[in-house]
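Chemist: Chains as they are written, first to last, in this note's numbering: chain W, 394 to 724; chain X, 89 to 394; chain Y, 219 to 556.
If you are wondering where the hints come from, they were derived from the structure by calculation, not from laboratory data.
Source: prediction; values computed, not measured.
Heads up, a few of these hints could be off.
Using 20 Å as the maximum straight-line C-alpha spacing, the simulated EDC-like pairs for lysine to aspartate or glutamate come out as follows [claimed, not checked]: (1) Lys288/X / Glu341/Y; (2) Lys379/Y / Glu341/Y; (3) Lys491/Y / Asp624/W; (4) Lys491/Y / Glu407/W; (5) Lys288/X / Glu309/Y; (6) Lys491/Y / Asp712/W; (7) Lys491/Y / Asp639/W.
Listed next, the stretches of chain X that the computed footprint assigns to chain Y, with coverage defined by at least 3 CB atoms under 8 Å from CB atoms of chain Y [stated by the list, open to error]: (8) 225-234; (9) 272-283; (10) 301-309.
Ideal placement from N, C-alpha and C gives every residue a C-beta, glycine not left out.
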Amino acid sequence: MNDSLLRVRDLTVEYSTHKGIGNALDNINLDVREGQVLGLVGESGCGKTTLGLSIMRLLPRFGRVAQGEILFKERNLLDLPEKIMNKKIRGREIAMIIQDPLHALNPVFTIQTQIIDILRFHKDRLLTTQWKGKQLRNKAINMLEEVGIADPLERLTDYPFQFSGGMIQRVMVAMAFNCNPSLLIADEPTTALDVTVEAQILELLKSLVKRYGASVLYISHDLGVISEISDRVAVMYAGNIVEYADTKLLFENPAHPYTEALLRCLPGAEVRGKRLGTIPGRVPDLTERPKGCKFNPRCPHVMEICKEKAPTMLDIASDHSVACFRYENHE
Amino acid sequence: MPKNKVLIEISHRWDSYKIKSRLQIKKITQVIKVIRREPRGLIGASIIGIILLCALFSPLIAPFDPNEQDIANRFSVPSSEHLLGTDYIGRDILSRLIYGARAAAIVSICSVGIAVMIGVPLGAIAAYNGGIVDYVVILIFDVIRSFPSVIMILVLAAIFGPSLLNIILILAFTSFPAYGRVARAQTLCMKEEESILAAKSLGATTGRILLHHITPNILSPIIVLAGMDLAVMIMWESALSFLGLGLQPPAASWGIMLKQGYTYIETAPLMIIWPAIVLIITMLGCSLFAEVLRIALNPKERLPNE
Amino acid sequence: MNKTIDKVPLVQVQGLKTYFYKGKGILSKVFGKGLRIVHAVDNVSFSIEAGKNFSLVGETGCGKSTVGRSILRLVEPIEGKIFFEDQNILELGKGEMQRFRRKAQIVMQDPRSSLNPRMTAGELIAEPLRIHRIKNSEREIQDEVAHLLETVRLSGDDAEKYPHEFSGGQARRIGIARALVLRPQFIVADELTSGLDVSISAAILDLMQDLQAQFKLTYMWISHDLHMVKYISDHIAIMYLGKIVEIGRAQDISEKPMHPYSQALFSAIPSVKPGQATKKIILEGEVPSPIHPPSGCTFHTRCPRKLGSICEAQIPPWLDAGDGHHISCHIPLETLRK
Numbered sequence: 394m395n396d397s398l399l400r401v402r403d404l405t406v407e408y409s410t411h412k413g414i415g416n417a418l419d420n421i422n423l424d425v426r427e428g429q430v431l432g433l434v435g436e437s438g439c440g441k442t443t444l445g446l447s448i449m450r451l452l453p454r455f456g457r458v459a460q461g462e463i464l465f466k467e468r469n470l471l472d473l474p475e476k477i478m479n480k481k482i483r484g485r486e487i488a489m490i491i492q493d494p495l496h497a498l499n500p501v502f503t504i505q506t507q508i509i510d511i512l513r514f515h516k517d518r519l520l521t522t523q524w525k526g527k528q529l530r531n532k533a534i535n536m537l538e539e540v541g542i543a544d545p546l547e548r549l550t551d552y553p554f555q556f557s558g559g560m561i562q563r564v565m566v567a568m569a570f571n572c573n574p575s576l577l578i579a580d581e582p583t584t585a586l587d588v589t590v591e592a593q594i595l596e597l598l599k600s601l602v603k604r605y606g607a608s609v610l611y612i613s614h615d616l617g618v619i620s621e622i623s624d625r626v627a628v629m630y631a632g633n634i635v636e637y638a639d640t641k642l643l644f645e646n647p648a649h650p651y652t653e654a655l656l657r658c659l660p661g662a663e664v665r666g667k668r669l670g671t672i673p674g675r676v677p678d679l680t681e682r683p684k685g686c687k688f689n690p691r692c693p694h695v696m697e698i699c700k701e702k703a704p705t706m707l708d709i710a711s712d713h714s715v716a717c718f719r720y721e722n723h724e
Numbered sequence: 089m090p091k092n093k094v095l096i097e098i099s100h101r102w103d104s105y106k107i108k109s110r111l112q113i114k115k116i117t118q119v120i121k122v123i124r125r126e127p128r129g130l131i132g133a134s135i136i137g138i139i140l141l142c143a144l145f146s147p148l149i150a151p152f153d154p155n156e157q158d159i160a161n162r163f164s165v166p167s168s169e170h171l172l173g174t175d176y177i178g179r180d181i182l183s184r185l186i187y188g189a190r191a192a193a194i195v196s197i198c199s200v201g202i203a204v205m206i207g208v209p210l211g212a213i214a215a216y217n218g219g220i221v222d223y224v225v226i227l228i229f230d231v232i233r234s235f236p237s238v239i240m241i242l243v244l245a246a247i248f249g250p251s252l253l254n255i256i257l258i259l260a261f262t263s264f265p266a267y268g269r270v271a272r273a274q275t276l277c278m279k280e281e282e283s284i285l286a287a288k289s290l291g292a293t294t295g296r297i298l299l300h301h302i303t304p305n306i307l308s309p310i311i312v313l314a315g316m317d318l319a320v321m322i323m324w325e326s327a328l329s330f331l332g333l334g335l336q337p338p339a340a341s342w343g344i345m346l347k348q349g350y351t352y353i354e355t356a357p358l359m360i361i362w363p364a365i366v367l368i369i370t371m372l373g374c375s376l377f378a379e380v381l382r383i384a385l386n387p388k389e390r391l392p393n394e
Numbered sequence: 219m220n221k222t223i224d225k226v227p228l229v230q231v232q233g234l235k236t237y238f239y240k241g242k243g244i245l246s247k248v249f250g251k252g253l254r255i256v257h258a259v260d261n262v263s264f265s266i267e268a269g270k271n272f273s274l275v276g277e278t279g280c281g282k283s284t285v286g287r288s289i290l291r292l293v294e295p296i297e298g299k300i301f302f303e304d305q306n307i308l309e310l311g312k313g314e315m316q317r318f319r320r321k322a323q324i325v326m327q328d329p330r331s332s333l334n335p336r337m338t339a340g341e342l343i344a345e346p347l348r349i350h351r352i353k354n355s356e357r358e359i360q361d362e363v364a365h366l367l368e369t370v371r372l373s374g375d376d377a378e379k380y381p382h383e384f385s386g387g388q389a390r391r392i393g394i395a396r397a398l399v400l401r402p403q404f405i406v407a408d409e410l411t412s413g414l415d416v417s418i419s420a421a422i423l424d425l426m427q428d429l430q431a432q433f434k435l436t437y438m439w440i441s442h443d444l445h446m447v448k449y450i451s452d453h454i455a456i457m458y459l460g461k462i463v464e465i466g467r468a469q470d471i472s473e474k475p476m477h478p479y480s481q482a483l484f485s486a487i488p489s490v491k492p493g494q495a496t497k498k499i500i501l502e503g504e505v506p507s508p509i510h511p512p513s514g515c516t517f518h519t520r521c522p523r524k525l526g527s528i529c530e531a532q533i534p535p536w537l538d539a540g541d542g543h544h545i546s547c548h549i550p551l552e553t554l555r556k
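Just chain W, same shape as in the assembly (with noise of 0.2 Å):
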């Protein structure tokens, strides 16, 4: 169980903006492993975006890996030709479901032709000799079916808009298992979506997860979903990762300062009437990140080393790893 399907090592990413050059991404470790779900969360500009996009070598053209590795069974994603990428790789080893459900498929199509063209591009993974009309529709209705769509026959000659965002949602996560892959990587996939439908999309996920043994990286600013669907977490913040561990671990027992803040920041009924702990000042830019910790402005314990040196991950628990100096005496 403990074989890691993706690893990320020291992952680097900078971004040339009109105001100079920025690491999105600064020196990232992570592993996803088999049969597992990572969540990945963190506020608006933390990178985790990129992170899902830096494993699809799908960065924007202001983007560069400027170091590091990512190892998907052992080879390095990175090193590989764009067309082996999209041979391969893209849509078979790794799917992606992106957070805009409205402008992931293109409205001018009927949802059957866009999911055909997917079964053809992919059609040799998919063991059958015989690649006609009839049978490629049949498995689309399939794959309908199995997402929980109603009356997929119908439903496949309509257009993108004709569906409301939760059931986009479903086509998309329909398309990302069509070729059944190792590992999916989820970019906000319910954001845009009401709780209820939410509810009914991460059961789906759950499920089809189950069956199909895909491992998961699940990217989201919303804490309580990510509790809820990973096994273990990476919390982000201004391109590093701050705090990594188990997760009931880390809702339990949140060790980085920057964690707890945001544990604090979470409205409820349990403390109406109370104040809610905010976080002074704001993320930091790109371009203007600050010295040592990138944390440090807004941290409640800041100490003069944190404004020197960037901390290290350290271990303080099995399965618990955070980047901050206050645990440097625990070893």
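Start from chain W and add chains X and Y according to the hints.
Modeler: For chains X and Y alone, coordinates are given in the frame of chain W:
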């Protein structure tokens, strides 16, 4: 006592005026900065500036009277005396071009100005109110636009006869529905914005919403259209004059110069080349300037900290 | 201090109905075709006590925003009464309406589209003062703008910036300042924290509570974020497809929702305590279209506790669970309580 009150009131007003104008000046300098930053803007602005200067101060700038004939010197090539040469009755081409800028500037600016002034409010009000007002206004626009503009301009010019005022009115009349259409389409999108709802919730009147919230936000495409139209109007003025339906000789107009040059195109090509070059440069200047003005007026396209 | 005065409702909504007409072109009017009625808000009643936080909760398309807008008459309801301090605002004339606008304000959901992109923050905040001619000199207006920017914890320099130069949280502060400049008694906060990061929305919620104490405000929150609603509200009303299905005190509803829909809604909230999450009630299918809402109880098509044909045929009665807690359901109260 009341005298004192009046004084206080005056000082208040003066104070308000100072603060307001300071804010306005700040905005205008921002716009100028962008125009200066963009090479296109600089080129466009200087072309338009030169033409406007020529139009305003033609008597001061032009070396000769545009109608002064010098038969002995007809068809002369460019020389130190006649920088661009002379035409078939020995008039100085440069002077005639400079005076011609007057006609071009007056016709284009007035006709586009009138068209915008009529078209934009009509379109915006129609879209904002909807219902029967909208139908009537659209009907008017469509009826006017359904005639081919070439034929309509020629027919109207023939009916009302050639005069500067008539040309301006005819050109404005044929082009205002275009502005109305654009303004209407933009307003239809704009009026669904939450900012309009927010303004309503603050108690803003319809007039205020149209003036402060809708108009500034629908201006971009209208400025571009107007910039291109300025050039088109100069063309039309020339074309009408060329056909004899616009300004009448001996008035100095680029169109008349083209027409007269056309007769001598084989013997004295310079007579037609000069006005043609000026026309082309002017049109280029107009569209460049309009494009950059559109950028400069949009706060989002300005670079930060400007 | 005086409890009896506190209890007087500031806003009272009775039988509010707001329908929208789709396809009302001249042709469809002539032929009577293509006219579709969207039942956005269908017979909604509630009241909001002064100084309290009332929340209207529901999912996309349930009509909660339309209720908020109807109360401020930004959309015209077709039926019902809305009392604000004993005045039915649906009967107000133009001048009275203008006075009402000074007392009730809205902060819109999307800061990007709710702030005019061509106006600076200063101009945006000053606009209400100019509309209502409250301050007579420009200096006073500028002072007030600076003061308000400070109140919402922005800096005075921000007055010259344009909306796109602000972050999402800051843009919302400008929206708040703009609503506040007329010193209203009542503010409708429409999805104020949606799309914001947790730390930023926490700061906004803290700010709103400080302002409430400072200016003695009454808030009506419109939200789909149940965590926030549980935290902030005194009273909650839950909407489904244009109707309120459950209404009552916040602690009653968040601890023990009774309507089958509320139960599903509250069970679906993702919790940050792993392992402690309650059993989720996953609803089947999708929200029906408000153009043809289901007969009887509008929730019957998806209800996991549907009784039978009665739910399809009859509009459910209001059950009184005490303490102002009402549920609209055919299931008897005793069964719901279990």
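Chemist: Report holds or violated for chain Y covering the segment 225-234 of chain X, Cβ cut-off 8 Å, minimum 3 residues.
Modeler: violated (count 0)
Chemist: Below or equal to 20 Å on CA atoms is what counts here, so check Lys491/Y against Asp712/W.
Modeler: Status holds; Cα separation ~18 Å.
Chemist: Regarding the pair Lys491/Y and Asp639/W, is the alpha-carbon distance no greater than 20 Å?
Modeler: holds, 13 Å
Chemist: Would you check the hint for Lys491/Y and Asp624/W, treating anything up to 20 Å between C-alpha atoms as holding?
Modeler: holds, 13 Å
Chemist: Are there three or more residues in the segment 301-309 of chain X whose C-beta lies closer than 8 Å to some C-beta of chain Y?
Modeler: Holds: 3 residues of the segment 301-309 of chain X have a Cβ under 8 Å from chain Y.
Chemist: Hey, Lys379/Y versus Glu341/Y, does the alpha-carbon distance stay inside 20 Å?
Modeler: holds, 10 Å
Chemist: Given the hint that Lys491/Y pairs with Glu407/W, test it: the Cα-Cα distance must not exceed 20 Å.
Modeler: Violated, at roughly 35 Å.
Chemist: Under 8 Å between beta-carbons, do enough residues of the segment 272-283 of chain X, three at least, approach chain Y for the coverage claim to hold?
Modeler: Since 3 is at least three, the answer is holds.
Chemist: CA of Lys288/X to CA of Glu341/Y, is that 20 Å or under?
Modeler: The hint holds at about 16 Å.
Chemist: With the threshold set at 20 Å, check whether the alpha-carbon distance from Lys288/X to Glu309/Y stays at or below it.
Modeler: Status holds; Cα separation ~18 Å.
Hint compliance for this structure: hints 4, 8 are not met, and every other hint is.
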